[in-house]
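Peer 1: Each chain, written out:
4 protein chains.
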Amino acid sequence: MIHIDNFKSIIDRYEVIFFDSFGVVKNYKGLVAGIESTFNYLEKQKKEFYIVTNDASRSPEQLANGFKNMGLKTISANHIVSSGMLTKEYLDLKVNNGIVAYLGTENSAHYLESASLLTLPVSKIDNNNIDKVNALVFLDDEGFNWFEDLNKTVNILRKRTIPVIVANTDYAYPLSVNDVSISIGGIASMIEGIVGKEFIRFGKPDSQMFMFAYDLIREYRTINKKQIVMVGDTLHTDILGGNKFGLDTVLVLSGNTLTVDAETSIKTTGIVPTYICEKAVVELDEFGF
Amino acid sequence: MIHIDNFKSIIDRYEVIFFDSFGVVKNYKGLVAGIESTFNYLEKQKKEFYIVTNDASRSPEQLANGFKNMGLKTISANHIVSSGMLTKEYLDLKVNNGIVAYLGTENSAHYLESASLLTLPVSKIDNNNIDKVNALVFLDDEGFNWFEDLNKTVNILRKRTIPVIVANTDYAYPLSVNDVSISIGGIASMIEGIVGKEFIRFGKPDSQMFMFAYDLIREYRTINKKQIVMVGDTLHTDILGGNKFGLDTVLVLSGNTLTVDAETSIKTTGIVPTYICEKAVVELDEFGF
Amino acid sequence: MIHIDNFKSIIDRYEVIFFDSFGVVKNYKGLVAGIESTFNYLEKQKKEFYIVTNDASRSPEQLANGFKNMGLKTISANHIVSSGMLTKEYLDLKVNNGIVAYLGTENSAHYLESASLLTLPVSKIDNNNIDKVNALVFLDDEGFNWFEDLNKTVNILRKRTIPVIVANTDYAYPLSVNDVSISIGGIASMIEGIVGKEFIRFGKPDSQMFMFAYDLIREYRTINKKQIVMVGDTLHTDILGGNKFGLDTVLVLSGNTLTVDAETSIKTTGIVPTYICEKAVVELDEFGF
Amino acid sequence: MIHIDNFKSIIDRYEVIFFDSFGVVKNYKGLVAGIESTFNYLEKQKKEFYIVTNDASRSPEQLANGFKNMGLKTISANHIVSSGMLTKEYLDLKVNNGIVAYLGTENSAHYLESASLLTLPVSKIDNNNIDKVNALVFLDDEGFNWFEDLNKTVNILRKRTIPVIVANTDYAYPLSVNDVSISIGGIASMIEGIVGKEFIRFGKPDSQMFMFAYDLIREYRTINKKQIVMVGDTLHTDILGGNKFGLDTVLVLSGNTLTVDAETSIKTTGIVPTYICEKAVVELDEFGF
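Chains as they are written, first to last, in numbering that gives the first Met the number 0: chain A, 0 to 288; chain B, 0 to 288; chain C, 0 to 288; chain D, 0 to 288.
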């Protein structure tokens, strides 16, 4: 039998909390019930926190706005570390000029632009501009015609030897209690298999996500890994990645991992969280403690 | 340096010839130049032959008609062994009734129907008939809406524990000298990765294709594997599969494998054809020998 | 809840029964309790049967002797179809002369020899005879020094472009109720990954195993696939392979698949047996029916 | 045609140089010819450098001693970042007590020990101490009996749900101009496939290696990624990893990547170095410039 820990008593022991977004803070219906009290408590206790998410479909500002519209006012853009931000850092450092072709919505690509880099959807690449395409990015499963633009992507990558960035490593995401949707990460793996080239992936469980957040903290205070805990609902991304980076980890049962499966999943995969909690909700007693 | 053999002198040594279709008999422009003389020669010499193809987009009759329209009259439907025919055999033996949902054109599915099995495109599956879906088949990359129907396929397979048949194992096929198209085999692998279930694949290099052709011959004459040679342009399907089944094999350089790459490809993959020829064309001298 | 079928009533409906060996007929302690009655019943009913096994560690004669020593007298060598026999057929058809290097015991290699083919353990290959090595076969995890001979195998395969045959596709096999042993199939996959070449694998779920048995039957009688049932304890080999070949299948719960896991395993893998039975044992009533 | 850059003019543009070890600084015969001049030049120019290596077979001190014995006196232990050091950091942060079982030599494990952590070779794990085993580490391909200890490792991992660390991601390493040796990374992948659990891998191309070095620099000076260049001989580890971390990269042709293959390899893999040089050697003119 698995041991269920009290979430409040865990976060009391750490200085900084990393939260996964989907399945921990929100789900397909809206906010996870009671999650506001967690962020209120963190604010009162002056604990730092970051949302560490494999979501490249929107900019940090837009993601923060999404939380605000659901009623979570504490989460601002500078609390967010997304795989899209790592993509932007990569492009800034490594692709000096030309066109970045992308699969996704305009929203997902807009914030990747810079003075010297133009973003263009794959649908707008043709014989006149293909020679200026210096990177290709998989951002979102929406915003393009799958049949036409995926076939076009394969042929662009056969003609251009350029870095390909996958800004979302998930294969599918939940749409409702019964249905899922194919993620751009799953689509990217198919294209990688077909063109036979090595794509660059940003997103948990990869350490670079955790390092990005860790570096953000160190800009304004000293910290060590022992003082940070990662909270997530998925063993293969949140827990595996957090563990590998050297963080303690909390598996919550409000998302991908069901209570009935938790023990078997941990044993089968060998991915062991430091703690297990029902959900990432701080339950205060009647006196607010 | 690789040794190039004379195609005519090879087929003179065998009783039955298996040909791959694309890259051997035809290509994206039409027939391989000179291929008619090969089939004329086979007819004159009373040699048996079969077209063994990973093409499930049409029935054997339609495939034969395609050759006829290009000017190859000798190839009739009963000379054709396709991965679609293995799919049909599987459905006849293993799926007794209900609906077979499919991804592909109507043409690709029509001949799979039987008295007790109804074929329906994935787009026509809904809550009223999903319980009658007893198999799902990947047939062709055309004839459906990729975004809508691939997402729907994932969700059907999460709800129904049914056999899934992939009738084309290729990941891409050539469209022109510069461009390729994603095959239904590549799409099926993506869906398999997402739903985590084991699909059933028909097509070279799998032995069942060769066995099907071998059984067709044995219905009317005795034969052994030493008397058959497989001719193909692709190491991973035609040559690997033919070798494994115990046949001698001919790699032709008129399709997927370029002359400059042949030696390296053989060494790198470890897939060794018995012979290598420029193309599968019998060149007769002025006296017809 | 899964439905458990009566084994006797199933085999009454078929003409020929294919049995997996380990986990069905025998296990690490000896014979599966009561299995003798099954073979007595088959003999009395004049039903044909074959043992279809991924065991290449010994010749069919030695395997039959093994059953005899445990008390099963009905199983003779010509009832056995092993992945080793497919290896022998491959060598006979495709490797005309020279040396077949092998990893395994002398017992596992001896019956692969022929007038024109010499078998030699990898340990005996050196600069004087390496040029005569025309095939390399993975037969058994015993009989060689892992450190020395696996490293030597990698280097032989870097120097020689020759067919490599893996005569056992399993990754591990049970040694006792608690312990397993690494199979030669797992070792072969490691070597394949290192040398980057494509190996040829014989063994379930590959159709060629079933075809070999099917052909044996057709040498002396007519049969069709509807009249054969495959009995096995492993979804990924026995059931997947049997289904794909077009046979009805029985999953027995006396080996790899535990009763508590059967339903989940079937749903997770999508590999559906036609029937499920506790074990492959015919239980007769007091009157022998 | 690929463009060959001058190595000296490249390093003149950066503040910090990361070097891969094998194939760049040394090879199986000793030091790469002329490499001393590079480290002399770096010292004279007061440039920082790190050796970033997937070698966990010895401690940083022992690795530095190795260079010293070959004549390279400038490389001290604090210039070395190895996958073994990341393993040590992981154990310090995440495994609080008990036994760390290992595969490798005593040398490879000794420096992983701490006040609260005992290292023991897999061969010394038995029923009396298995419950105290809290991690298992793959360190080196030597120092153990492959047959006995690999089988034992599989069975330990079936009984204990513990983190498994692979401190070397390579599959093979060169032994001489003709021969290679199987690496512990290749062995670990085989065991991972058999037990079906997710292992934790440290080593290039993983970003955590680069981050570790990057953090070492930032302890004593400010730096940004634009000021660092990674020099390596292997596209899949040095170049892919360096690129992904956001560094400029130099492919040298003195090791794994041959001059004749460089262009094809880059095109096939899609892994593009910023520069290509013959070797990592600074060639000064007669006046020392």
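One should not assume that every hint holds.
Which copy is meant is left open, so a pair is good if it fits within one copy or across any two.
Calculated pairs, SDA-like style, for lysine to any residue (alpha carbon to alpha carbon, straight line, at most 20 angstroms) [claimed, not checked]:
(1) 123 x 180
(2) 28 x 92
(3) 225 x 211
(4) 266 x 277
(5) 46 x 278
(6) 225 x 214
(7) 266 x 195
(8) 224 x 88
None of these hints come from the bench; they were simulated from the model.
Quick caveat: nothing in here was measured; it's all calculated off a predicted structure.
Peer 1: Now, for every hint given, state plainly whether the structure supports it.
Peer 2: Okay, the hints, checked on the actual structure:
Only between protomers do residue 123 and residue 180 lie at most 20 angstroms apart by alpha-carbon distance; the minimum there is 19 angstroms, versus 25 angstroms within a single protomer. Taking the closest pair of Cα atoms, residue 28 and residue 92 never come within 20 angstroms of each other, the shortest separation being 38 angstroms inside a single copy and 37 angstroms across copies. For the homomeric pair residue 225 and residue 211, the shortest alpha-carbon distances inside one copy (17 angstroms) and between copies (16 angstroms) are both at most 20 angstroms. Taking the shortest Cα distances, residue 266 and residue 277 sit within 20 angstroms of each other inside one copy (19 angstroms), while across copies they are farther apart (26 angstroms).
For a Cα distance limit of 20 angstroms, the shortest separation of residue 46 from residue 278 inside one copy, 19 angstroms, qualifies, whereas the shortest one across copies, 50 angstroms, does not. For a Cα distance limit of 20 angstroms, the shortest separation of residue 225 from residue 214 qualifies both inside one copy, at 15 angstroms, and across copies, at 16 angstroms. For the homomeric pair residue 266 and residue 195, the shortest alpha-carbon distance between copies (10 angstroms) is at most 20 angstroms, but the shortest distance inside one copy (34 angstroms) is not. Taking CA atoms no more than 20 angstroms apart as the test, residue 224 paired with residue 88 passes between copies only; the shortest distance there is 10 angstroms, against 23 angstroms inside one copy.
In the structure shown, a violation is registered for the earlier hint numbered 2 alone.
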